[in-house]
Structures are given as C-alpha cells and as structure tokens.
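As you go down the protein sequences, you meet chains A and B in turn. Numbering of the first sequence is given in the working numbering, commencing with residue 1 and proceeding in unit increments. Numbering of the second sequence is given in the working numbering, commencing with residue 1001 and proceeding in unit increments.
Since the hints were derived computationally from the structure, they do not count as laboratory data.
Here are the computed lysine to aspartate or glutamate pairs in the EDC-like style, where the Cα-Cα straight-line distance is at most 16 Å:
id, chain 1, residue 1, chain 2, residue 2
1, A, Lys152, A, Glu190
2, A, Lys93, B, Asp1360
3, A, Lys366, B, Asp1346
4, B, Lys1132, B, Glu1066
Given the structure is predicted, the values throughout are model-derived calculations rather than measurements.
Now for the letters of each chain:
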Amino acid sequence: MGEAAERLTGLRDAEDRYDIPFADIRTAQVEAMNERFQERKDSIKLLGHRAREAGLTEICSHEDAVQLLFPHTAYKSYPESFLTDQRWDRLGKWLDTVSSHRVPPQDPARIADMDDWVDKLQASGHYVSCSSGTTGKSAMLVASRQDMEWCKKEAVAAYAWGSGITPAQDRRIFGLAAVAHVPRNLATGEAYVAALQDPKVERFAYPVPPMTVGSLTAMVVLRKAIAEGTAKPGDIQKFEETSAARQKAVDDAVGIAAQAVVEARASKLHVTGLWLGLYSVARAVRDMGYSAKDFHPENSIYVGGGLKRAKLPDDYREFVYETFNIAPERNYQNYSMQELHSGMPRCRAGGRYHLPPWVVPLILNKEGDTLLPITGSEYEGRAAFFDLSIDGRWGGVISGDKVSIDFSPCACGNKGPTIRDTIVRYADLEGDDKIGCAGTVDVYVRGVA
Amino acid sequence: MNAMTELDVETVSAPFFLRGVLVEGDDVIHRSRDLGVTFTTPKIDLNQAVFPRTEVPPLLNVPLAEIIDFLVETGQRIQDSNNGFMQECIDRMCSTHILPRAVVENQARYAATYLDKRKLMAEVEQNFPDPKALDGWVPKQDFTGRKSFVRAFAPRLIHVLPGNSPGVAVKSIAQGAMVKAINLFKMSSSDPFTMVAILRTMADIDPNHPIVQSMSAVYWRGGDEATEQVLYRPQYFDKIVAWGGGDAISNVVKYLGPGFQLVSFDPKTSISMVGREAFASEEILDTVADLASADVMTLNQEACVASRFLYIEADQENADRFGAKLHACIAARAAASGDVRPLDMDLREQVEALMMMDDDYRVWGRPDGKGLVIRSDEPVDFHPINKTANLVRVDSLDDAVKHVNVATQTVGFYPFDRMTDYRDRLASGGAQRIVHLGEAGPSTIGNPHDAMYPLHRFVHWMAHEDGCGTG
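Sequences and hints are given; from them, build the entire structure.
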C-alpha cells in the first residue's frame, strides 16, 4: 500500500476520523487512489482494460477515478452457464479478471459443488462473498485474508463510534436473522462476538440453517433450467419443498427466538438482524406480554439493510425499539454495502451517515457517468465510492443507491462529508410500465424468485 | 433537488381521444422512463371510456368494405407530409422515444402501408373461413338438418399497446375496426402520441363516422389499480388484447375471469440458424453475413422479429471468419441508420467480462452502440439488444434446436432447402415462424401471429339456432 493510502486507512481508530473536512484530505485521497491504481492496473485485468479504454495511466483527479469505477453489476457479469454447467474452472477464470491476487487454476473434477468451490478458494486465500441479487443473479466479490482482518476491526470501530458504546464483552448478542453464510459476514459476526458478547454465556444461535453461497445460487441455477426447458417437474417440486421447509424454519424461529430473548431479558442485550425478522420477534415478545419495561435500559440494536421489500406497519421501527427498550442513542445504524469493506456509521446527534477519510465520495448523476461537484451543501445523486482499504479487488464501485450527500459540517459537529438517512435504490423508485414485443424467456418463468 | 431536476426536462402534453372527441388537459404528470421525459395527460373520464351493453356497437352494421375504404384513406393521410397531426406526433415522439427521428419517421410511413385494401382483405379472409360472418348472420345447417345463423359479433376490446412500434398502433386500429369492435387503446409511456395522432387523422376525415365513434385512446400508468380495478370487468369489455410480459401481463392476469378473456401477444426473442453451406465460397459467405445482419438490424433490433442469437454450423476458425463479416455488416447498417445509442451500463459490463475471458469468447466491435458481435459456445445469458449479435458456434444445427424455447418467435434459416428438416422440431420447441435468412420482417399477408389467428379470437361468436323444422 502506498504512503497516502496507508496514512488514510491508518486513521481507522483515530478519535477524530469523521471530523476531517473533505477539503483537507481531497489531495491525499487522489494520491491514494492513484497509488492503488498503480498497484492494481496490471493485476486486475478488468481495471487494466478500463484504463486502456479511458486512456488513463494515472489518477490525477476525482474525475479520472470516476472513469475507472466498476458498476456493482461488474461482480455479477459472469455467464450464468458457468454455474448451471458447473464450469468451476471458467468461473475461477472469470473471478481472476476482477481479483488483485491470482486465482489459481482449479480442476473442475475435484470440485463437488458451489460451496466446495468457495471453500477451496478460501484455502488459497481468496474469500468469495456473494450477495442475493434483486435481479436474481448473485454478485461474487473476492477479497483477501487481509480484507477479512480489516472488516473485523473496522466494523467494531464504526459500531463503537456510532453507538457510543465501548465494547466490554458485557452483552448477550441476539442475531435474529438468517445471515448469508459468506466470509465477510462471518468475519464481522465473529468480531462483534469477540467485542460485545459476555464470554460467560453461550451466544444465541438463530435456529435457521445458514444460507451458503451454494444455496443462494441454487435458485439461480433452477431458474435458468426452467427457462431453458430442461427442468423436470420433479426438480421444481424438490425446490418448492426445500423452500417450504426453509420458510417453516424461519417461521418457527420467531417463537424460539422470542422465548430466548424473554428469558435473557435481565441481561444487557445487543439485538441485530433485518427489519422483518426483528419485527416478527418483537411482535411475538409483545404477545407473550413483555415490552420495554421488562428489558435492560442499556440494550443496543444494529439493523442491517433496508426493508428489502418487506411489508410492515408504518411504525415498525418504533415498535421494535419500544419492545426491546432501545434508547434512541443506542440505536446503531450504518450505511454500507457488500461491495465496500468499510461502513458509514450514523451519528446520534445529526442522524446522518459519516464517511471515513479512507472512503472517497464520488457521487454521480443518475446515469452513473458524470461526477457531481464534491463540495458544498446537500445534493442528490448516485452513490459511488472508492474504498481505499480494499486489497483483494478494485476499491472503486458505483452502487444502485440514490443518496443525498453534504460536504458541510453535520449537526453533530463533525466536519467530514455525510449522507442523509433517506437512501433508496434507483431500481425501487420507478417501476417500468414500458411494453415492447421483444422480450426474453425470463417472463415465461414463474414462481422462482 | 428532486423538484429541480424534474423542471429541467421538457414537459410534453399527451391528449386523449374519446370516441371522436379530443380531450386535452394537464391534470396528471407521468414520466417516460426511457429518456426521463415527463408528459402530462388529462384525467380519464372513466364513464366515457366504456360503451353500454344496452346499445349495439356503432360499427355493427357498417359493411366491411366501407370500413376498409375508410382505413385505406386513413393510411394515405398518415403518409401525407402535410398531415399536421402526424408531424406534431413525430416531434413529440422524438422527445420520448429511444429511436432516432429518421427511424421513427420511416416506421410511421411503413406502418401506414398496412392500410392497403388487398392486405386488409387478405387478413380477414385468412382469419375467417367465411368473412361474411362479420357483415351478417351466416346460415348454417348440420348433417341432421338442424339450422342456425352464426355471426362474428362485434366485441368490446381493451388493447394494451406496446411502445416500440407505430406498426402495432396502425394494426390494432385496423384489426379492431375490421372486427367492428368498440376499442379502448391503453397507450404506452414510451409512445403516448401515435395512437391519438392517427385517430385525429381519422376524425378529420369524418368525426361522426362509426369507426371514429368506436375508438378511444388513453394513458394510465400500467398497473395503476385505481383505473384497472374499475375498468377491467366483463360488464365493460369481452377481451383484453395485451402485448408484453412480466409485470405488464401479471397486472392484467389478476383481473381475468369468466367473460373477461386475455388475448396475449407475448414478448419474443428471434434467432438465426446458419448451416455449413454458407462457407461454400467467399461470395456466399459475404451474402449470408449480409442477410443475417439484415435480420439482426430489423427496427435497429428493437422488434421481436430482430435476430439476437445466431447459431452457426462451423468450427471455431470458420465461425470467426463469419463473425468478422457479420460485424462489418451490422456496423455498416448501424452507421447508416444514424442510431448512436451506447449500450446500457449493465450490458456493457457483461460484454466486457466476456472480452476478458480470452479464447472462450471472441468479441468484434466495442460496447459503444456501433455494432457488436460476440462469439461463444453457449448462448450468452443476457438479452442482446441495441445492435448486438451473439454468434453461437455449434457442430451441427441439430445442437441448436435445444436452445429454441417458448419465447422463440422467428427463426431465420440458411440454406433454405434445409428448412423442412427443421420446422417440426422448431415448432415442438416453441418457435412460431421459420423464414429465409434475411427475411425476418416480411410475412405472408394474413398469416398467423403469435401462433394464432387473432381476429378469429377477438370476435364474440354468436349463434342463432333456428331449429330442425322445414318451415
């Protein structure tokens, strides 16, 4: 890592890391992005291609960096047939085009399935996380061991800043969501346990089988088989049964989790999960006759992601906070995405998400091709960032999120750039009622989504 | 900030047409997503959008010949460059449509050529064993001596129109008129203008003609429950004629039930199959590449008949020879059309990923919208669009048949003398047309569309049983 990148990522544990005005680090960020570019342009094949297309040999400005950003879809650009036909060697070859460190050739004959592919890569130092994509295809993000170590430390540091809680191994963690069983989540989960969980009590295990990369992609594989007409009714039946069993486990987990939370109510808790799961458990806890007065006044909460299209009553947040006795100041929120290795914790006084100095804001127009001015008061655009901490792949990414960013000081007093708590996905903003006669076989596939 | 960006773009107004009357107003603001343009429409008077069942449809007793004469005159006026309605429409279209102006103008002109007396008669004659059933009650008698009269009775139709082709607007008007239907056209956000412009042209001929009195065109956002929940009922309409798939159809499907049926024109993908005979000589290969590019570039690849996947019976070296030629032909057609839309970011991303994959894929051109060919051993899993062809190498065209599916519409074939060997298997896979390579566009007048004879399905078949008596 170059000197400027080293200096900026070195601020990870600095008390004042969110209080640095953008103008003060603007030049350092450009230098750091260029350092990263020089280190990676020959090792990340796609980056080299981008640079040649753009005619860039160095990053001299934020505008230059924009030309080298990867859209989040770059990580799902592999042909799906690699999964359906189990072409693990080719999938590895694709992964190599977006990886900083060479992905070793793999013998497909020695790989049993998707999860085995992920495991074998991990043994060679490549940690593949995958997202459950809204379009059906999963993004595959490769990271290094160094990245995993960074994620562990950064997640807890951001939590401590955002929640004002000094980790003291004095809580019981209740994870109330079936978290995708991918390296990044496992690393941060492990870090939270090490920092917060009281070692004297056993951690609550959410009673739903983990979703592995293989199970996340199984649906994609079936969908393609249906589209091609090769899926037999029995294949669809088996998938439906697996889905129903999983749904039952999720439904049953609500009661089990509510029971466990109630039993632990005298302890100091850290509740975490997604809104739908948290709301369901809160509902069950209320039905059992318990509410805020029965829980510890210093309980904390961390909710990952947005609503994810779940339909909940308007007051779902308040309902959850009031059930578990979460004081507003211990409600930790963080803006991040699978494509980044750093978070933007929300401050308690201003309610805004704060960018750390090693995450370069590159807010673009809606189309994602033009940089908006990185200065002044609040404006809206497509979120794009360069995360200088990322080692295993390119740090520059264009997201699908619409955000409002502000470069003037936040109400909480911190002077770094901030994002308003109104983040939405462009894809969710406007449905499309455009109809054409041309279309794909995808619309002939029903029920697997 | 949001308000500001909305004011930045021009707002165009899209009036409605309700049974001969132009309805103007800017009560509702809509967005056309393609270009992020906003357009305004009046509020729909739903009472005006339906026609009471206590009254017979206005066109019922207008002879088919008179209807066709009216349509033919409409066609002439659409093509007349002094027609202000059409000129204004093309101006507006260019602000909401993804295609360049020259393409839009050509499409409108070409669309009007459908309004030809012989074509329209052929359409009717192919759809109905006895077209007289449209004009009156046709006497029937079975082998037992039972007698009756049968009528292809005028239906009440809602047409949910696509926005990618004015040809569909013209065809829908003609077909709706020829079956003497009461027609409500629900326009698309990417073209809320053409239908109204044509109907105004018709009203200019005779505002009181029953054909004009039978046509209404409105816009609401597809899936808008406030409108669809009210209108989509058998008491108001017999059939809903819908284009498209996905959300467009699933929105409609929930309203279907006894008495309210769907006639769907499904979204389709077209392909080409090129046999090893293409390599007989360099000249033949040049010709075949040009024919293939014509199919790829039909309506600049916006239409369902436009080829997207081309299966080539060759080894890799020959496939690559063909790929290079195909790319040159597509690029030439793209340049000639003036269409310079670059590829969407998602598509560009997927193409670039394949470019990184060395020998497994080969790409001619760049994802810049100037024409692109991708050679692979399996069809790519994205939808090739915007002047993009996927050349899939196969050892035998027999291997390509498995890639034909329920979404396959047209299969352009070379050489022509092998078509009969393949047509049964293609039909079994789901395909609807097999055509000479290079002729994806034209079809025999009156031939089935979307594996059916649509006019035959539009009408309300009514029987008048007249007993067995001699008297």
